[in-house]
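**Q** The residues making up each chain are set out below.
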Amino acid sequence: MKQTQNSSNFDLNKLTDVLASMSGRGRTMLLPALHAAQGIYGWLAEPVAAEIGRQLKVPLADVFGVIEFYSMFYSRPVARNIARVCGDPSCSIAGGARALENACDHLSVALDEISADGEWMLERAPCLGLCEHAPAALVGDRAVGAINPDKTSEWLSVHGDRAGSVVGGDIRVLTRNCGNGAPTSLNGYRDGGGYSALTMALKEFSPEEVISEIKASGLVGRGGAAFPTGVKWEGAANAFGESKYVVCNADESEPGTFKDRVLMEEDPHQLLEGFILAGYAIGARRGYIYVRGEYVRAVEILTEAMGAGYDAGLIGGDIAGSGFDFDVEIRVGAGAYICGEETALFESIEGKRGFPRIKPPFPTTYGLFGMPTVVNNVETLCNVPLIINQGSDGFRKYGTEESPGPKLFCVSGDVVRPGLYEVSFGVTLRHILENLAGGVAGGELGAVLLGGAAGAFVTRDDLDVPLTFEDLRLANLPLGSGVLMVFRDGREIRQVLEGLAHFFADESCGKCYPCQLGTQRQHEILQRATVGQSMPGDREKLCDVGWTMTDASLCGLGQTAATAVLSALELWPDVLRGNDGPV
Amino acid sequence: MSDTITLSIDGQEITVSAGSTLLQAAQSASADVPTICYHDHCTSYGLCRICVVEVKGQRVLSPACVAEAQSGMEVETRSARVERSRKTILEMLDSAVDLSEAPEVLEQLSDYGADRERFAGGWKRSPDVIDDNPMFVRDYSQCVMCWRCVQVCAEDAQYAFAINFSGRGFETSINTFYEQSLPASSCVFCGQCVGVCPTGALKPKREWLLELGRTPDEILRMTRTERRKKKRRQERAYQTGNSSMGEKGNVSG
Numbered sequence: 000m001k002q003t004q005n006s007s008n009f010d011l012n013k014l015t016d017v018l019a020s021m022s023g024r025g026r027t028m029l030l031p032a033l034h035a036a037q038g039i040y041g042w043l044a045e046p047v048a049a050e051i052g053r054q055l056k057v058p059l060a061d062v063f064g065v066i067e068f069y070s071m072f073y074s075r076p077v078a079r080n081i082a083r084v085c086g087d088p089s090c091s092i093a094g095g096a097r098a099l100e101n102a103c104d105h106l107s108v109a110l111d112e113i114s115a116d117g118e119w120m121l122e123r124a125p126c127l128g129l130c131e132h133a134p135a136a137l138v139g140d141r142a143v144g145a146i147n148p149d150k151t152s153e154w155l156s157v158h159g160d161r162a163g164s165v166v167g168g169d170i171r172v173l174t175r176n177c178g179n180g181a182p183t184s185l186n187g188y189r190d191g192g193g194y195s196a197l198t199m200a201l202k203e204f205s206p207e208e209v210i211s212e213i214k215a216s217g218l219v220g221r222g223g224a225a226f227p228t229g230v231k232w233e234g235a236a237n238a239f240g241e242s243k244y245v246v247c248n249a250d251e252s253e254p255g256t257f258k259d260r261v262l263m264e265e266d267p268h269q270l271l272e273g274f275i276l277a278g279y280a281i282g283a284r285r286g287y288i289y290v291r292g293e294y295v296r297a298v299e300i301l302t303e304a305m306g307a308g309y310d311a312g313l314i315g316g317d318i319a320g321s322g323f324d325f326d327v328e329i330r331v332g333a334g335a336y337i338c339g340e341e342t343a344l345f346e347s348i349e350g351k352r353g354f355p356r357i358k359p360p361f362p363t364t365y366g367l368f369g370m371p372t373v374v375n376n377v378e379t380l381c382n383v384p385l386i387i388n389q390g391s392d393g394f395r396k397y398g399t400e401e402s403p404g405p406k407l408f409c410v411s412g413d414v415v416r417p418g419l420y421e422v423s424f425g426v427t428l429r430h431i432l433e434n435l436a437g438g439v440a441g442g443e444l445g446a447v448l449l450g451g452a453a454g455a456f457v458t459r460d461d462l463d464v465p466l467t468f469e470d471l472r473l474a475n476l477p478l479g480s481g482v483l484m485v486f487r488d489g490r491e492i493r494q495v496l497e498g499l500a501h502f503f504a505d506e507s508c509g510k511c512y513p514c515q516l517g518t519q520r521q522h523e524i525l526q527r528a529t530v531g532q533s534m535p536g537d538r539e540k541l542c543d544v545g546w547t548m549t550d551a552s553l554c555g556l557g558q559t560a561a562t563a564v565l566s567a568l569e570l571w572p573d574v575l576r577g578n579d580g581p582v
Numbered sequence: 000m001s002d003t004i005t006l007s008i009d010g011q012e013i014t015v016s017a018g019s020t021l022l023q024a025a026q027s028a029s030a031d032v033p034t035i036c037y038h039d040h041c042t043s044y045g046l047c048r049i050c051v052v053e054v055k056g057q058r059v060l061s062p063a064c065v066a067e068a069q070s071g072m073e074v075e076t077r078s079a080r081v082e083r084s085r086k087t088i089l090e091m092l093d094s095a096v097d098l099s100e101a102p103e104v105l106e107q108l109s110d111y112g113a114d115r116e117r118f119a120g121g122w123k124r125s126p127d128v129i130d131d132n133p134m135f136v137r138d139y140s141q142c143v144m145c146w147r148c149v150q151v152c153a154e155d156a157q158y159a160f161a162i163n164f165s166g167r168g169f170e171t172s173i174n175t176f177y178e179q180s181l182p183a184s185s186c187v188f189c190g191q192c193v194g195v196c197p198t199g200a201l202k203p204k205r206e207w208l209l210e211l212g213r214t215p216d217e218i219l220r221m222t223r224t225e226r227r228k229k230k231r232r233q234e235r236a237y238q239t240g241n242s243s244m245g246e247k248g249n250v251s252g
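Listed in order, the protein sequences are those of chains A and B. Residues 0 to 582, numbered by numbering that gives the first Met the number 0, are exactly what the first sequence covers, in order. Residues 0 to 252, numbered by numbering that gives the first Met the number 0, are exactly what the second sequence covers, in order.
It is worth saying that the hints were derived from the structure and are not from the lab. Everything numeric in this text was worked out from a predicted model, so none of it was measured. Backbone N, C-alpha and C define an ideal beta-carbon position, used for all residues, glycine too.
DMTMM-like mimics (lysine to aspartate or glutamate), calculated; alpha carbons at most 20 Å apart, straight line: (1) A/Lys351 - B/Glu170; (2) A/Lys56 - B/Asp155; (3) A/Lys13 - A/Glu45.
Computed from the model, here is a short list of chain A residues facing chain B with C-beta under 7 Å: (4) Ser507; (5) Pro513; (6) Gln515; (7) Ala551.
Looking at chain A on its own, in the form it has when it is part of the complex (with noise of 0.2 Å):
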């Protein structure tokens, strides 16, 4: 647990040793290293900063600049213990709100404040990825999930993690070593099969014929933006470079998203045994898994995972006797959404302050370090080992011809069995809510918020497309990361697009003018519509503000920052209420 100290009480010895081993690869190091010294000392004192910034050769304005982006890094004294409630809707409409409220009356603080005796701080916390725990919590390292909103000393208290995770579905292709409350081990994993699709590829393909098999597979990723993997690697393959880079995204933190954490939780080495082909797909030697920071049990299952992989020769120099090299380096983020796009995240990972870049140049070309770089998501990465074992043809198998492969769900909200679902391409929304998730819990269905908070909302019409990308892409209907985040009829849908615009104001990098301006003033507006005090033309002023986010923003993130709310303007065009009625 973080202690408290005064700024004149900072032993920097402590530092020496943990810097030694960081001060020869630079800036790079600097989020590791801050990290690190957060850990020492509970938060990050200027002479602290200071001696990092010297060994690391960072610019000590810039080494503020990130200390102040990151907002698990803190630049001033914190409590002893932090706790940070999920504010986003599937948490937020089981409690969640309330139970933070219940907590800083108990504690007599507000957010963000350190109580009398130096014990608590309380945050509200962007999306932990606990969605199917709802409500839920990061008690310092510790996730709990269902907490009694009215009963704060309990869940402040509590020993021991949350319950494992729901996972179902009409097939357990890619979940086949999920859901049994314990992560994979290395045995485990190979006694299934698993690493046979590496060293059988080590052996008999070409790197060239391991990315022929991923294209003709027709994966595409699953992270949201659904570009073909096989082209992003040959991309990479081509393109010249000293060296070249794999990147999983592990920065999972789209509201309403948890399956990467499952994936990552339960079955470790799948997704490694899908990294480490693509590194000798596109002939890199060193990849970067980048997990969020609050991801603290994947962290941690994911780097014995990584040891016993070296151990046994499937990580590190020559492996399994092939002649190639691949080194694996985990990288913990430090809250920062906007570190999922890929762009960031290479800053990010290059101890910078996470601003997306301006493309192109893409990523394979001009990627982390300045080199060919892929970045692929963590589900993306677990259709891998599938496709190799299997071949195209028998993942072709699962889905449709233009969507082809397994697909998980992240089912959270008012149904009710919330869990991670997997199933083929091409199955319905109402598929996987009433026969999966077990229908609506506590009414009617209200609405289903596809494809996270970058997403878009639908109602029962909707039900019946097939969710794949061609269907939805008719529909005008984004598959997002795979979530379907479930409202009851009744649900105040105010409070929920209040809540979606929170989340953007709080994670917008602050880079370009039509985010950083617009997500505050899209917050402002939908923030009176919840007390009914919208005033005229703030409809219009939501459409301008979220166009103009859409088209004019020069990240993913700002351009569907508003497509929620978009949608739901759309829908139920008179959402917007004042003194007079609609506006």
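Since chain A is already given, all that's left is putting chain B on it; use the hints.
**A** Below, chain B alone, put in the same frame as chain A:
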């Protein structure tokens, strides 16, 4: 590869050298594309998005200052989408920042028929003026976050790295290491940041004092005091055999 490319800007065929940005192409077609953050001598990061144009076939608008002109492109510099984005960005900026000393932006507000009251009442950035050195004052209530000062302080010119950002999103601001004063920072007082600031956010201290109604005599006295202090510091340092030429806060630019 040919050295020139031909594209259409607002229906006009135009030939420009390969590698030109859409902003350069638009300028050679005499199409007026407004900019805020762009500066000829700074790296373009495409921040303000006021220069966005519509390129046929592209999902979103393109920032003209960084987007490269490609052969056969059909570009609209004042389509309805472009106008809506520019007008909304200007209205939002106007509601967030004091633009009274940003004549170019004020002109854009009128060009695009911006409603200056539209987002009134929203959160406005209005930090106090920072007067911590004899050379210039910092009034970040006028800062439009164009980044130019940070850029010239770093790799775009001076390599002093005295300033960077703090906060994020709407609350992003320009700051020194732990908000220390400029004399305590690695600032070399080269003045380049003041030179590239498009608003009144960075202003020579004498200009500021004049505006506050101080007389030239008063101003001289006030800044002379500062110079004397500096001289005394240097003399003390020389006496102790320790040259202070590199001392932080010295005027060297």
